[in-house]
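**Q** In order, the protein sequence lines correspond to chains Y and Z.
Residue 34 in our numbering sits at position 50 of the first sequence, and the numbers go up by one each step.
Residue 1 in our numbering sits at position 17 of the second sequence, and the numbers go up by one each step.
Keep in mind that a hint or two might mislead.
Note that the list lumps identical chains together, so a pair holds whenever it fits in one copy or between two copies.
Below 30 angstroms or equal to it, Euclidean Cα-Cα: the simulated DSSO-like pairs (lysine-lysine) are [stated by the list, open to error]:
1. K316 x K(-6)
2. K31 x K286
3. K26 x K168
4. K26 x K(-6)
5. K31 x K52
6. K52 x K361
7. K162 x K241
8. K(-6) x K331
9. K26 x K52
10. K145 x K179
11. K78 x K31
12. K54 x K26
13. K26 x K77
14. K316 x K179
15. K78 x K115
16. K78 x K179
FYI, nobody ran anything at the bench for these hints, they're computed from the structure.
2 protein chains.
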Amino acid sequence: MSNWYSEDFKVGVLGGGQLGRMLIQEAINYDIKLCTMDKDSKAPCSKISYEFTNKDILDYEAVIEFGKDKAVITVEIENVNIEALEMLEKRGKKVFPQPAVLRIVRDKGVQKDFFKTHNLPTAPYFLVNDKAEISQYKNQFPFMQKMRVGGYDGRGVQAIKSEVDLDKAFDAPSVLEKFVDFEKEISVIVARNEKGETAHFPVVECEFNPEVNLVEFLFAPAQISEAIEEDAIAIARRTIEALDMVGLLAVEMFVTKDGRVLINEIAPRPHNSGHHTIECNVTSQYEQHLRAILNLPLGSTKILRPGVMVNLLGEPNYEGKVYYEGIEEAMKIPGVKAHIYGKSETKPYRKMGHITATAPLLQEAIDKARQVQQLVKVKA
Amino acid sequence: MSNWYSEDFKVGVLGGGQLGRMLIQEAINYDIKLCTMDKDSKAPCSKISYEFTNKDILDYEAVIEFGKDKAVITVEIENVNIEALEMLEKRGKKVFPQPAVLRIVRDKGVQKDFFKTHNLPTAPYFLVNDKAEISQYKNQFPFMQKMRVGGYDGRGVQAIKSEVDLDKAFDAPSVLEKFVDFEKEISVIVARNEKGETAHFPVVECEFNPEVNLVEFLFAPAQISEAIEEDAIAIARRTIEALDMVGLLAVEMFVTKDGRVLINEIAPRPHNSGHHTIECNVTSQYEQHLRAILNLPLGSTKILRPGVMVNLLGEPNYEGKVYYEGIEEAMKIPGVKAHIYGKSETKPYRKMGHITATAPLLQEAIDKARQVQQLVKVKA
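Take the sequences, apply the hints, and build the full model.
**A** Spelled out as structure tokens, the structure:
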């Protein structure tokens, strides 16, 4: 077999967004020929991939064709043509995460059932096929309604607090998840290679923008008790083992006010809650993903310094050619590192980039991040 | 004027080697559209540049054409068509480092004269036009003969210790530099933007492979006295000011056994002695170069953790399709980070990549680096 740095060894990535982009930056270090596919000809990966295929990742034939000359195929988004990946796997291609994992993750109902079957702690839930079925759970208010498929980046999720909210409920197959009275939202990213070696990143803490359900701030490491930390890590590791998965898995969890840790949801790929690992850890999540899918030894996940990640979201009232107000001011702050995703057009709440602020102490990093958030506005 | 992240703001780099490649990795963070030019269609930058132009950087017309639609032009190697860059500058293009700086640096004779004129400490030297002229300096043995132009990566430099060596002397315009009885070779990289702001990286120490005059190990930070450190930094800063240069300048220096600091030579671009800054410093030399040439605020150069850089050179007896023996073993060592430059063919002593080993203490990083050097062999 060729080496992973050989000219004829190509790694295919379905999706050409910012996660693929940061994966490319790491792939360059190892001379891994990363090829991406996206239907958007101006996707963040389009100009800097080893090869870029401008086709739809939901198109069966296009995915099969794309996979043909790749040694390993991976994804940077779950919403891909899984049937095509299954066929490629059947033909002997290495597909990581495995299509079977994508099947579980793609449907939030199947995901919840999987947690239940494997005794992985998660909030109680009910599955409904449409809006009409919701009313039978009236006595269970309040809950979060999550569309089983197609939700992404905060879309397809909303709170149903009482009968008043029933009108706006999604009329689609959904998970109704009992409201979790949580103290914190945390995340653990864990990696596993074909040899079965695993490695987890330290627990981080997320602060969401309640309006759009997107991560606004991420604190690394999380400020939690040792007991919670151990629980969270054990749950993440048990999850990747239960999935028998190869690759990177982000496990988002709630810490309840009474000290329990419950899985919120999982993503089998590099994740928003791991961006900071580029600056804060010995090995970044992107490098770890590549190590895992190529069956290389996993890297050290040790913390180099604490950090805070701030997502740069498009301001609500701007649409068009992007302008990063205040970015040069932010670049003056020592330890503030910008990552701009290469999207030329901004839209309300679009993820346009992120900034990581690092410092010897977490509190300093938090102060810098708050400053950045005040300074930088994504406008048009 | 467009912003540096605008779609029509392109930055041109003459040369498509490993330095350009690492520059691209940083440029992606800031969504800077980095376009490279190299006559080698398989140059390390060829597949991952925003645009790649397969033309010779010594060709006047090709450089002019390349520069036309670029907002800023820079280099990753000195041996470029300077006349074309002068013309582009005359037409109002920003060219950093300035062509005038490239003129001084390209010719080691002019470089030495520049140091002398500006009272920058350097070893005594003589200029000769050819081999025949060398014999008039017989009473000055031993010295290093350095070809005034065209030397690169250890080529064009040799020791002339006595009359016996005269036969093998280069028959070309050269600098004869009095042998420096040095204790250490050190380097300081300093950056300067158009506003005149400067920032220097901490002093590092280089260990050369005597056989081929290439850096084999680099230790960061250097183990030197505070007095030497201050001298070295002051000299580097005075040099970039004297050149009135915008961009990144690597100043390689000798520390003599009697405690003096003398400039060996300078390079107005990212440099082999700054690779470790990717892992070891808050801002890498590549990011700093981009900040400098785009007149952005310079970044913090603070040390995150000590590190040792090992060049991965092609083994002497191998030529052909590259094979990195032992690389996976090396990747098991925590804090060992590989950078493979994407050259598919190895040659004796060709720079194929580098590895940076980091640790909380320099001695630990040194131990890891020695281990890596034992493990990794670049073969075919």
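**Q** A separate judgement is required for each hint: does it hold in the structure or not?
**A** Cross-check of the supplied hints:
{"no.": "1", "hint": "K316 x K(-6)", "result": "between (39 angstroms within a copy, 23 angstroms between copies)"}
{"no.": "2", "hint": "K31 x K286", "result": "neither (33 angstroms within a copy, 32 angstroms between copies)"}
{"no.": "3", "hint": "K26 x K168", "result": "neither (37 angstroms within a copy, 50 angstroms between copies)"}
{"no.": "4", "hint": "K26 x K(-6)", "result": "both (22 angstroms within a copy, 16 angstroms between copies)"}
{"no.": "5", "hint": "K31 x K52", "result": "both (22 angstroms within a copy, 20 angstroms between copies)"}
{"no.": "6", "hint": "K52 x K361", "result": "neither (43 angstroms within a copy, 32 angstroms between copies)"}
{"no.": "7", "hint": "K162 x K241", "result": "within (15 angstroms within a copy, 74 angstroms between copies)"}
{"no.": "8", "hint": "K(-6) x K331", "result": "between (34 angstroms within a copy, 24 angstroms between copies)"}
{"no.": "9", "hint": "K26 x K52", "result": "both (24 angstroms within a copy, 23 angstroms between copies)"}
{"no.": "10", "hint": "K145 x K179", "result": "neither (46 angstroms within a copy, 56 angstroms between copies)"}
{"no.": "11", "hint": "K78 x K31", "result": "both (26 angstroms within a copy, 24 angstroms between copies)"}
{"no.": "12", "hint": "K54 x K26", "result": "both (22 angstroms within a copy, 20 angstroms between copies)"}
{"no.": "13", "hint": "K26 x K77", "result": "both (28 angstroms within a copy, 28 angstroms between copies)"}
{"no.": "14", "hint": "K316 x K179", "result": "between (44 angstroms within a copy, 14 angstroms between copies)"}
{"no.": "15", "hint": "K78 x K115", "result": "neither (40 angstroms within a copy, 61 angstroms between copies)"}
{"no.": "16", "hint": "K78 x K179", "result": "within (14 angstroms within a copy, 52 angstroms between copies)"}
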